[in-house]
Each structure stands twice: as structure tokens, then as C-alpha cells.
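Engineer: Residue numbers (this note's numbering), protein chains in the order written: chain A, 1 to 319; chain B, 320 to 638; chain C, 639 to 957.
These are calculated hints, taken from the structure and not from any lab test.
Fair warning: there could be bad hints in the mix.
Unchecked claim - BS3-like mimics (lysine-lysine), calculated; alpha carbons at most 27 Å apart, straight line:
(1) K535(B) - K576(B)
(2) K422(B) - K455(B)
(3) K376(B) - K689(C)
(4) K272(A) - K257(A)
(5) K257(A) - K33(A)
(6) K54(A) - K373(B)
(7) K692(C) - K376(B)
(8) K807(C) - K422(B)
(9) K57(A) - K672(C)
(10) K257(A) - K198(A)
(11) K777(C) - K672(C)
(12) K57(A) - K373(B)
(13) K535(B) - K54(A)
(14) K692(C) - K57(A)
(15) K672(C) - K422(B)
Unchecked claim - Here are some chain C residues the structure puts well away from chain A; computed CB gaps all over 12 Å:
(16) G654
(17) L656
(18) E743
(19) D753
(20) D809
(21) A858
(22) T864
Claimed, not checked - One-sided excerpt, in silico: chain C residues whose CB lies under 8 Å from chain B:
(23) K689
(24) V693
(25) L715
(26) S716
(27) N722
(28) R723
(29) S732
(30) F937
All C-beta atoms, glycine included, are put in the ideal place defined by N, C-alpha and C.
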Amino acid sequence: MGKAFFNQTGLNVRVGLLFGKGSDLISVRDLEKKDFEALFARTQKFEKAVKTGKVRKILDGKVVASLFFEPSTRTRLSSEAAANRLGAKVIGFSGTEGTSVKKGETLADTIEMVDKYADAIFIRHPLDGSARLAAKTAKHPVINCGDGANQHPTQTLLDLYTIRKEFGKIDGLEVAMVGDLKYGRTVHSLALALNNYKAKLRFISHSSLAMPDYVKNELANPFTETPRLDFRGCDVVYVTRIQRERFTDPMEYERVKDVYRIDSAALADAKKSMIVMHPLPRVSEIAPEVDYTPHARYFQQAGNGLFVRMAVLETALTG
Amino acid sequence: MGKAFFNQTGLNVRVGLLFGKGSDLISVRDLEKKDFEALFARTQKFEKAVKTGKVRKILDGKVVASLFFEPSTRTRLSSEAAANRLGAKVIGFSGTEGTSVKKGETLADTIEMVDKYADAIFIRHPLDGSARLAAKTAKHPVINCGDGANQHPTQTLLDLYTIRKEFGKIDGLEVAMVGDLKYGRTVHSLALALNNYKAKLRFISHSSLAMPDYVKNELANPFTETPRLDFRGCDVVYVTRIQRERFTDPMEYERVKDVYRIDSAALADAKKSMIVMHPLPRVSEIAPEVDYTPHARYFQQAGNGLFVRMAVLETALTG
Amino acid sequence: MGKAFFNQTGLNVRVGLLFGKGSDLISVRDLEKKDFEALFARTQKFEKAVKTGKVRKILDGKVVASLFFEPSTRTRLSSEAAANRLGAKVIGFSGTEGTSVKKGETLADTIEMVDKYADAIFIRHPLDGSARLAAKTAKHPVINCGDGANQHPTQTLLDLYTIRKEFGKIDGLEVAMVGDLKYGRTVHSLALALNNYKAKLRFISHSSLAMPDYVKNELANPFTETPRLDFRGCDVVYVTRIQRERFTDPMEYERVKDVYRIDSAALADAKKSMIVMHPLPRVSEIAPEVDYTPHARYFQQAGNGLFVRMAVLETALTG
């Protein structure tokens, strides 16, 4: 468990929360700070319950649809495990092979159908805005598990929860983001979600992969930008994968990729308490040796996905 | 819930029923009117139970195999949700990738195996007659979820249930069938199942897609045939998809497809109480605007698939 | 149930067992005779419980990951049914389509993740040694469901259990192995596992598919080798598939395949009590007519996979 406990009253003071029983979760922009804090309190409760083997089957008898129109092992398995641990059962698919989508069915029609079989819907879909469309169609709660390059709110929640639990707070921390800041959905969402807290941001990237203006223009926190892989003063380093397909010149990719690789040397000057995060899967952007340093938090971060999704699902179904 | 309640005694008077504990469901031809009525009574019971969140876990501890040798989202998800809602758990596959079928195993051998792991089997298979073969091999109940162009009895049951619930009866209704009446498995089965009731049938199609003689020769009810999309006097319109691959001339397909498309104009002269049904997925044969008319029943129809499959599964496993 | 009961005290005398609560099951080489006997006693308990519908949900609330990186219907479905029947729920995948493996994630990283969502892991993977690696990475028990050409210990357990149950003993039996003894993983493991008992072995194969020296060198039991399909004196015949791709000359394959095909004629001189086993799926190496002889045991053998996997899973999770 983290260094501090969340305010447990968050569980009771649900008046005025945007996210509650019957809510969809489509974007972190739909949430306010008090929603974050209420969800984090509940997440920590579930973390404790799972680790002590004492999860109550609050969703016994419920059926949750897990509709993954494109690959995602981590999000799918943790979402399904979250439903299962709460006592719900899961129907669904991963990939559109073997689905009516192949026969030309619209997303809205697919959702109309599934909404009649299930009590809540997890959806991942390659098109931006698809989750919002699904939420408009469905009567039951829809949890966005990633709609193209747009939003992946449970990822952002688990990212914030990981920081929050580690330091007992978010205010006052300096958070560096490294790698592909131009196309990386997770770092865009995290930077914006940090608007709810008083943090400092440091964007570390090659100039061709810099944080876009449309994100920077919305930031409430002070930020700096640098191409230098320097973590001095940072409390959190959030690493993202640099994808080969973003580069027209393969040589340029190889060079940039190696510059922003995190290894022991890159961590030499870091604070002892600094944590390294990554949405995973990683390929080569974090050296395996980092796993054995006290900085590594990416596996715990992935593990937190289970607890966060339990909190989101319980809240959407029971308030 | 529908306009009328089914005779609840159907649940008790199970003497003389063809479909009961241990039965397979392979074809609607295996069922008599009293079987339909008993299943519909049970279906309505489950519809109420699901909608009020009061489903008893009658199949707790049971394992149901869901063997989909070819794609079917709607039937698969509603069958699995039916098993789950009754407390059973589900094993299986959708598509033969990753199965021993790929290694050349016969269907009979696959069924011999699965029959040892599960208490009941849902099967969809591309070959006509495959479900009957599976039923002969398995000791546990086999529910046919579509065997090629042959039978899909739970679809026919949910079609009839949708009509039965809507009008409180089937006798005396006029049911139009539109689109591809030549190859459409669902309309063949529905027309034959209506032999158990006193209905009138209207077959609306292009001459090249007319209802085949081998179906018409078995009909107990009076029917008319017409190429004109005219719904006057009809109580039910059952729409099916016209498939491009049925036509050698693509231009002919485009013309026919548009003639039999259901939109607001096509519904102008219809009875106010007339309902439009479709087995789904639809592509373009029903305009989206129809969804917002009081005639649309295809989504409720799909939803009824859950309740019908709960009734079928419970009956096969517990009588 | 078999002709004899296993010593029920095996369930209580767990002192000194290698396989218990928290154990991985990676290879039958990790087990001693007392482990086999303890597992078989538990397997028989579950066989009785399933057949009388009286399985206690010992693993209620647990989540089991079923990670099949390559196809396997029988092992996957029986493993998932085993988890389900014990009350656990299952997450996972079959095939790497739609998984983060496709994005280049290492097996160790995938396991690190899944280990945080599940209480136990079933893994099948095409690479030799992958299951051992997974076990080293995971904190929770890992059950090897086949790692390439290497090990498939639950298969060997169910093979031995089938013999043990049939004859009430293994000591004193003569076990013939037929077909592809060179590449067949199951016969290698079975021959080695029989080191724990006093049996006689007969290896029947074409010279090009003979039992390898590295297996024979480790055998504790006497064995004979012959190309002749002669079962006189045998108690058990274990048949394996001869795969076309092992032969450079297709004509040679056709000839060998037919010589080692088991049909009624091949069984003419067999003991009445002799049983024919096969890991399945079969293609043509056992004629369908054999299914109707009193010798056929391959379907029961496959069925025993359920009970063995229940015993293994329960032991690994509860001791």
C-alpha cells in the first residue's frame, strides 16, 4: 500500500460528484478533482481487499460486456479480472474476427444489441469518438478502454493513482514525460489530468516528437521542454514508446530511440525516491536492468489497473 | 413486457412435451405448439426476472460449452449471457483458429471431448446437419445455434416470442416477409413454425428471390406472393438482408436492394400497430430513420434472444 | 470409476511432497511417485464429485489466467472447465492475435502483468523452456500446458491416471507405444514418468521414428523395440499421430502411416483387457471402428484431463 491513505470520506461524500451510478466514463475531462479523489479512495480499498483475499462479490449476478475491437492484452485482462473479482461474469470478444462487424454492422447497432445482454460495457475501438457514440446508444454504463488516439481514461486514472499512492499526494511533484510526446495518448491525458493538481511538468523529447501546442495551451501547471535526458529534481518519470512508423527516415529513428532509452546510467543522477512509469508494453525503451532498481514502478502501475477498474466498475454500477 | 401474459400453467403442465430435461434443440420441426407455449411462458418469466434483477442462479455450478465454428456475435453473446445469468460458467471458442479442428479433428471427436467437460453445448457450425450429428454424439443437451443454411431454432423461437408478446396471440395475424425469401433461413423456419398457429402470410420479394416451393408446399397457412412493397393490412413485417453474392449481375443487385429497402415512405400506409422485425445484423435494408418510428421492434427482438435462450437452456438442463 | 480406489490417505499425508500449495507444475521430472499418487487420489475424488454433481467451490473468488500462445482445444477447454468447476473465474487468450505479444512484449513482461491480475496461470507456449521462465517470473503458481516439444505434465498425469484407474495399479503392466516415437512429446514423458513404477515398455515404430537414445538412456524399466504392430501380451497401447511433415518423401509417409494404423484387425490378438489410448486429436491413426470395441479408452482419457487439472489446480492453490 502507498505511504499515505486517501481520505476515506471520499466514499461517503458522493454529493456533487460527476461520476456515479449509471455514469459512463469516456474521458478524464468529464471528471473533476473530487471524482479523482473519490475513485482513488475506492481503488485503495480494492487494492487492500484483493491483497488480503477479501473482495466482496458486489456485482454477483451482473454480466459485463468486454468489447475489444482491437488488441489490448493488459487493459482487457485487467478489466475482465476486475469484473470477475467483483463477482460479475463477462461476455465479449477481442478482435473483430468472428463478429457481426465483419458483416457490415454499424457500431451503434452492435451496442444496441450488447446493451440488452449486459449490465455494463467495456469498449476499446480504433476510431476516435467511438466510445462516446457507444455511450449515447447504450442505456447501461460504458467504460472507454481506449478510442483510437483520443482517450483512455482508466489508464490515466491508474497513472495518477500510482503517483498518488507512492507519494501520498500529487501537489508539489515534478513529473517528467519522455519519449514520443507528440502522438502519445497517455502523456497527453496525464498532462491534462494533472491540471487538477499543483504539479510541475518537464517534457523530454526529440524536437520532432515534442508535446503538441493544443495540449500545452490547455495546461494549468508550469512546464519546461528539453531534448536532454536529465531527471535531476524529478519525482516521476513517465516513459513512452517511440514508434518506428512515426519516422520517414529509419536512421533517424534508430538514433532518437537510443537517445531516449532509460538505463542505469540515465538514472544515475535521479532522486532516490524518483519512480519510473510506463503504460506498457515496452519494447526497448526501458532496459531490463532498470527492473531491479528501486525506481521501477511500471509493473505495480500495470497491477494498479486492476484496482482502478474495479473502482470504476463498482461506481458505475452501484454508485 | 408484452400486452398479455402467457398461460403460466405451461410451466407446470409439462406432461407430453417433446422438449424437456435432457432434450436437444436441433430444429423447430422437433417442437409442437405446446412446446412453443411452454417455452414462451418460461421466456416471459425470465424477461421479468432479468428486468427486475431477480434471476435465480438455477444453473450454479454448471459449465456450458459455446462452440462457434463460424462467426455470430448476437447468438453467441446472448447464449453466453443466458448461461451466465442463470449462474453457469462458459468455456468455448468463436472461430476455428486455435482449435483442434485446424489439426483435422472430426466434429464427432470434438464433441465427444467437449461433452466430457460441459453440461450442455451450444453449437454453430457451417455444415447443414452438423448440429444433429453433435446431438447424436453428445450425452448432454445440444442446442443448435445455426447449422449452415439449415436450422437455427432459437432464432425462430425468439421471432415467434416477439410476435406473441407484442400481440398477446399469433392466431389471426398477417405476417409479411420481405427481401431474400429464397436463401433466408430465418424466414423459411418462421413460415414453417407458423404452421402451429392460424396466421396469414405475405411473401414480398423480387421474383429471383421468391419463397421456394419446398417451403410453400409445407405451409398450413394461406399465403400470397407479390413483388410490391405494400404492407397494408399486415401486423408484422419480417425483413431479411439481400446479399450481393446471390446475384450474378451487380447492377441487378443494386436495383433490387433499393426496391426492398424499408424506410419511412415504405411504412406510410402501414397499420399503426404493425411491427418491423429483422434477425440482424442489418446493413442497409432498414433505414436508420425507422429506428425512431413506433414500428421498430428489431432491437427488442434481439434482446428477446437472451430470454428465449435462458428458457431453452433451463428446460434442457432442469426440465 | 476404475476397478480400484486409490489410497485416500494420500490426501492427508502431504508431508514431503514436492508438489503442494504455491508449487508450479512445469515438468513431470519435478514430481516423485508420492506426488503422482497424491494427485491421483485427489483426481479420483474430483471424478466422483463431478459425476455426482457435487463439486465444492473451493476456488470461489479466485481468478485463473489461461494463456494459450498457440492452439490447443482439449487442454485449454479442460483447464478452463477445471477452474470453472472449482468456482474460479477465467481470463486469458487463445492465440497471440489481439495480444501485446504482437507489439513485441517479452514473455517475462506479459507474465509480470498477468501475475498481478490472476491467482494462478495456465500457460501453453511454442518455445521449449518458456513455462519454466514464466514460473520464475510469476509469484503465483504456473501450470505448464505444453512448452513446445518439451513438457506437458498434465497430459502425462492424465495418461498415467487413466492406466492407474483402469488396472488399479501400474506395476506389472506392459505398455506399448506406437507411431511417432521420435518426435512425440507425450510418449517421451510417459516413458520417463513410468520410471516411478515397475512396468515393461514396448516401442513399436518405423525405424525412422524410433524412440531417441536420450530417452532410452534414462529409462528405469526394461523395454523392447520392434517395427511389428503386434500387441500380444500388452495391457496398454498408447498411439500417437505420425505427422506428414516429418517425412521428406511423401510416398514413404503414406506407407508408414498405413502400417501403424490401428483398426479391428490390428486388435485381433490383443488381450481382452487391453486398452487403447491416444492424446488426441487423432486424424486417421485409429479407425473409427475401434471406438466401438471394448479396448477404446481415448475419450475417457481426454475426459480424465478435467479431473486431473482440477486436482493440480486445487493442490497448487490450496495445498
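Engineer: A closest beta-carbon separation below 8 Å is what the hint needs, so does K689(C) meet it against chain B?
Structural biologist: 11 Å, violated
Engineer: Hey, does the N722(C) contact hint survive, CB to chain B under 8 Å?
Structural biologist: Constraint on N722(C) satisfied, holds at 4 Å.
Engineer: Can you verify the interface hint for S716(C): is its Cβ closer than 8 Å to any Cβ in chain B?
Structural biologist: 5 Å, holds
Engineer: Does K54(A) lie within 27 Å of K535(B) when you go C-alpha to C-alpha?
Structural biologist: The hint is violated at about 62 Å.
Engineer: Within a Cα-Cα threshold of 27 Å, do K777(C) and K672(C) meet the stated pairing?
Structural biologist: 25 Å, holds
Engineer: Assess, step by step, whether the Cα of K692(C) is no farther than 27 Å from the Cα of K376(B), and give holds or violated.
Structural biologist: Between K692(C) and K376(B) the Cα gap is close to 16 Å, so the pair holds against 27 Å.
Engineer: Confirm or reject: T864(C) is not an interface residue toward chain A, with every Cβ-Cβ distance exceeding 12 Å.
Structural biologist: 47 Å, holds
Engineer: Does K373(B) lie within 27 Å of K54(A) when you go C-alpha to C-alpha?
Structural biologist: Holds - the C-alpha atoms of K373(B) and K54(A) are around 25 Å apart, at most 27 Å.
Engineer: Using the nearest Cβ pair, does F937(C) come within less than 8 Å of chain B?
Structural biologist: Hint on F937(C): holds, closest Cβ of chain B at ~5 Å, below 8 Å.
Engineer: Hint validation: R723(C) versus chain B, beta carbon distance must be below 8 Å. Holds or violated?
Structural biologist: 6 Å, holds
Engineer: Could you grab the alpha-carbon distance between K257(A) and K198(A) and see if it respects the 27 Å cut-off?
Structural biologist: 31 Å, violated
Engineer: For the pair we were handed, K57(A) and K672(C), check the Cα-Cα distance against 27 Å.
Structural biologist: Distance ~38 Å between K57(A) and K672(C) Cα, so the pair is violated.
The structure is inconsistent with the numbered hints 5, 8, 9, 10, 13, 15, 18, 19 and 23, although it conforms to all the rest.
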